[in-house]
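Q: If you want the building blocks of each chain, they are given just below.
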Amino acid sequence: SRFKNKLVSWLIAVRRQLKLSFESCCLAVNIMDRFLTTTSVAADCFQLLGVTSLLIATKQVEVYSPRITQLLLLCCNSFSREQLCNLECLILLRLNFRLAAPTHAFFLDYFTSRTTGYQTDGEPQKTWKWLACKVCELSLADYTFNKYTPSVIVLCAVKLAKDLLKTHSAQPTDNKAAQLLVQQCTEDLKLLLSLNQDAVQDFIAPLY
Amino acid sequence: MDHDFKTRLAAERERVEDLFEYEGCKVGRGTYGHVYKAKRKDGKDEKEYALKQIEGTGISMSACREIALLRELKHPNVITLQKVFLSHSDRKVWLLFDYAEHDLWHIIKFHRASKANKKPMQLPRGMVKSLLYQILDGIHYLHANWVLHRDLVKWAVYGFLCLCVSADMGFARLFNSPLKPLADLDPVVVTFWYRAPELLLGARHYTKAIDIWAIGCIFAELLTSEPIFHCRQEDIKTSNPFHHDQLDRIFSVMGFPADKDWEDIRKMPEYPTLQKDFRRTTYANSSLIKYMEKHKVKPDSKVFLLLQKLLTMDPTKRITSEQALQDPYFLEDPLPTSDVFAGCQIPYPKREFLSEDEPEEKTEKVTMSYRHGLGSYKGPDLQKFACTKNMHTQKSCI
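Protein chains in written order, with full-length UniProt numbering: chain H, 1 to 208; chain B, 1 to 398.
It cannot be assumed that every hint is accurate.
[Unchecked claim] Taking lysine to any residue pairs in the SDA-like style, the calculated list, with each CA pair at most 20 Å apart, reads:
hint : chain 1 : residue 1 : chain 2 : residue 2
1    : B       : Lys92     : H       : Thr38
2    : B       : Lys6      : H       : Leu90
3    : B       : Lys92     : H       : Asn96
4    : B       : Lys83     : H       : Arg98
5    : B       : Lys6      : H       : Lys19
6    : B       : Lys6      : H       : Val41
7    : B       : Lys6      : H       : Lys4
8    : B       : Lys92     : H       : Cys85
9    : B       : Lys74     : H       : Leu95
10   : H       : Lys4      : H       : Glu62
11   : B       : Lys83     : H       : Ala100
12   : B       : Lys83     : H       : Leu95
13   : B       : Lys83     : H       : Asn86
14   : B       : Lys6      : H       : Asp44
15   : B       : Lys92     : B       : Gln82
16   : B       : Lys92     : H       : Lys19
17   : B       : Lys6      : H       : Arg81
18   : H       : Lys19     : B       : Met61
19   : B       : Lys6      : H       : Ser151
20   : B       : Lys83     : H       : Thr38
21   : B       : Lys302    : B       : Pro328
22   : B       : Lys74     : H       : Arg98
23   : B       : Lys6      : H       : Leu95
24   : B       : Lys6      : H       : Arg94
25   : B       : Lys92     : H       : Arg81
26   : B       : Lys260    : B       : Lys302
27   : B       : Lys92     : H       : Lys4
28   : B       : Lys92     : H       : Cys89
[Stated by the list, open to error] Some chain H residues near chain B, calculated using beta-carbon distances under 8 Å:
hint : residue
29   : Ser65
30   : Cys85
31   : Arg98
32   : Leu99
[To be verified] Computed footprint of chain B on chain H; a stretch qualifies when at least three of its residues, placed anywhere within it, have a C-beta under 8 Å from a C-beta of chain B:
hint : segment
33   : 55-62
34   : 181-187
No lab work stands behind these hints: they were computed from the structure.
Positions of the beta carbon are idealized from the N, C-alpha and C atoms, including for glycine.
Only chain B is shown next, with the shape it has when bound in the complex (with noise of 0.2 Å):
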């Protein structure tokens, strides 16, 4: 590279300190590096933005996806990434979002803290139903262009004019009909609590069913304030799929698979081990009916039979996003709103800055969230953008 071509290149290069201001204004840390809450230097808007700076140095490869994939993506209810800086002196990476003051695991915490401080908080049923939508309708668009999330928790939510969605997805993974075991690049795919029996039983393959199991599992616990399948966590890194107070507590809840309801249960890598731990008689009391009713759902009710299809153990037939996005439970009254506060108080805490050298506590995952612009609300058949690979051959081969 010549001289002139050196500093014509310079003079172009932007640098995210000069045009972003985020010095003590962080919001989030965690494996995946820091993230700053950032206004504009300049003064071209005043909107709030969300700086992400990528753990490490230089173009790692999980960096390389997350943000080719992210460039991919458009949806209102997808992160969208606004720029990509690359830092020319200390080759960091920077990621540019729009920033969400809240997001779903915020709000989950907040009511978890409010039940265990025994002033039980409940969510409005119309927000449950609005933020349920919105989940389905974003992991719709991910599921048609064969993108998998693979963490469900950190998805985020922002409310107040529109909607939710993810951030980390430096793990997901484009990817063609045969799948590749995905489980042999990361042992511990979903959080646990969220985790779908046959994940459990060491089904190998990362579907879209297991995607939709963790909604259920969110879903439960926006209508309860509690997680529906909460297990003591201790050995979380072990490489063994099979985890016994998992699988213990999901069939205290749902009782035991009837044989017709799961037939394909007997192929699970684990079941041998299922069948000389777990005894059925143990379950006979427990379904899912019961225990909602303890919540105050009753079993007849759109919200009960919606739910039910989303934990449906037999992955084959677990409801998809798309038939969910058509549940009547959405056809009745409240209808779901693209804000999911509308009407409402926001009773959530700002998010707060953490200093510079402080280490974030353990258990209390931060995680990111962003704010999408004002989109406003699009219905489930706006899929239509040709987006990945897949979508590419669809295009091409008709």
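Bound conformation, chain H alone (with noise of 0.2 Å):
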């Protein structure tokens, strides 16, 4: 686990290197984790895996998928395109090419927009929705956050982001299971932000 950490950081880093959207990013996690319960990866090509990940993701996502020259040289070539292209080749078949999957991302997207509506797209919307898209960047690097769906960590992330914020105040769920979740969750969002504290300290330093 501690691969994985510093692998999808590394590819937090491509992703704002190569100006790709944080949707691919989380795709390329997804996709990356999905084949390794399917077959085990020797530790000297997990970095191979990961741009692989992230290139089919692109495909999916981005308009321009970026070069693969360009990928390899981000793993300072220590792969040739033969060995990247079969090892696209043998996720996609593993994965049986289904490569839709519900992302941190759209969700991202979707509770923004379902508070407040896509043309207000004022200065404090902006701050928290980008420290939410942070909170879930840093999760999506933890497999402690393997066992909350990608939604409830969007909505935990958002919450939490305005709470430090102070923006809103979040109106509590009904449901007594879906309350549990979210403040189980939460917590371990809380506990992950502490121990990343230097990521967000412009953010929140003055909060805490």
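Relying on the hints, combine the two individually framed chains into one complex.
A: Printed below as a string of structure tokens:
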């Protein structure tokens, strides 16, 4: 799991570098996780698996996907083009081409549009959306959060972000079981956040 | 990857040429690739399959999307992807579908030709109804899951035991409610004659209503054996959506829309051009009623009323696929059947094999089609497959 943490953090950096959407990143992690349940991968191939998943995800999500050479360069050319293409085929076959997955990015958009609508893209909303996105990114890298569905994580992340920034008070849900789940997930997210304070420092340091 | 793993992998890899016999059985060719009629070599079943070899090598973006999308779709009127083969040696992608001997395009072409040869052959009315019902049912399933088709004429229809549907989903794209302007991706979206007026006036978002208009056009064509908005096609590759001749043709069949019938027409990007180029008075004598009466369809019949609802100029007033399926037309005898050829002879010729090199005639775009298994007919309310992203949302947000 230490490997995964490192790899996902690296992928998030790659995503920034290539200016890809958050959605691609979420989907890549999803593809990677599902592939790992079918096949065990040697530690030295982990990075290759990361970029290959990212490549497949971008083919689904982006208007243009990055060049393979570009991706290989990011791995310091430790792998060959052929290796990447072979792994791509293998992943697709193992996943049986099931590439549509509910992602964090989708729910983040969904919840933001539901609370405010797309038109009012004001400054406070941008801030909490950014913070929530950051929290989701951190949660991607951690196996703890594989037990929650993306919708729950995002719901909690949005709530947490709003609470931390003191913008809105979130409405509690009626369902007891759901409440418990949300509480537990929020606690986990808080722990995650406190462990990674430096990542979000600019935004919430004054609050702590 | 270690050596052991490699050998194991090679052993479990299935090669399409080992499993299927398809040599010399090419039935279609197009920009999407090649299609073969295939049979199993091991004789596990005697079914006929369609094998599509995707043009180009490697897993292109559109191939990747097409396969991922087809994997998510499950409906008796929507083509089922049976299997994907990735050929290791030449990096080709093969898709395996069920085979369909006849498709919608085939049928339309056959009747167009028979009319042109002065030996008009009417489609049986029951068959038209069944076809329309199945098209609507399929499109409703896609729309309910927010999949837009974008090229209806490439719809394939299979008869005999069941049903119709579609191919070439390479351009279909899943989308979430606030659309991306699809016009940016592909300036020529729907085949010209079937293109809705709002597209011709520069609408930039691809909507469900556009598919419905195309279905209306197909419906009219099935009834009359000629394309309702037939128009000379020359500069198909143009990036300008405004197409004078096509709009002229639509208005000369339908009449010019009255202000109250389509209020938002003023907001269309090409509205100024429309005002400059067209006069309402030119079309004062045209109406869909008159056009269809010429083809012996009475204006008070249920057929006509449904056609009118499908071919409504204002996209916001156009009927949805769901409403159309409830239309009284489908409750009137003869009821739609799950086998579109029920009780009639099939006059259409079987697919011919193409030789390997001879280039396909340009105008004769062969559309591939597939047959779905023996699925029995299911009512329109059976669309509850948790399928696309949007469905996931609905489920998990309740």
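Q: Check the structure against each numbered hint from earlier and tell me which ones fail, lowest number first.
A: 1, 5, 7, 10, 16, 19, 26, 27, 34
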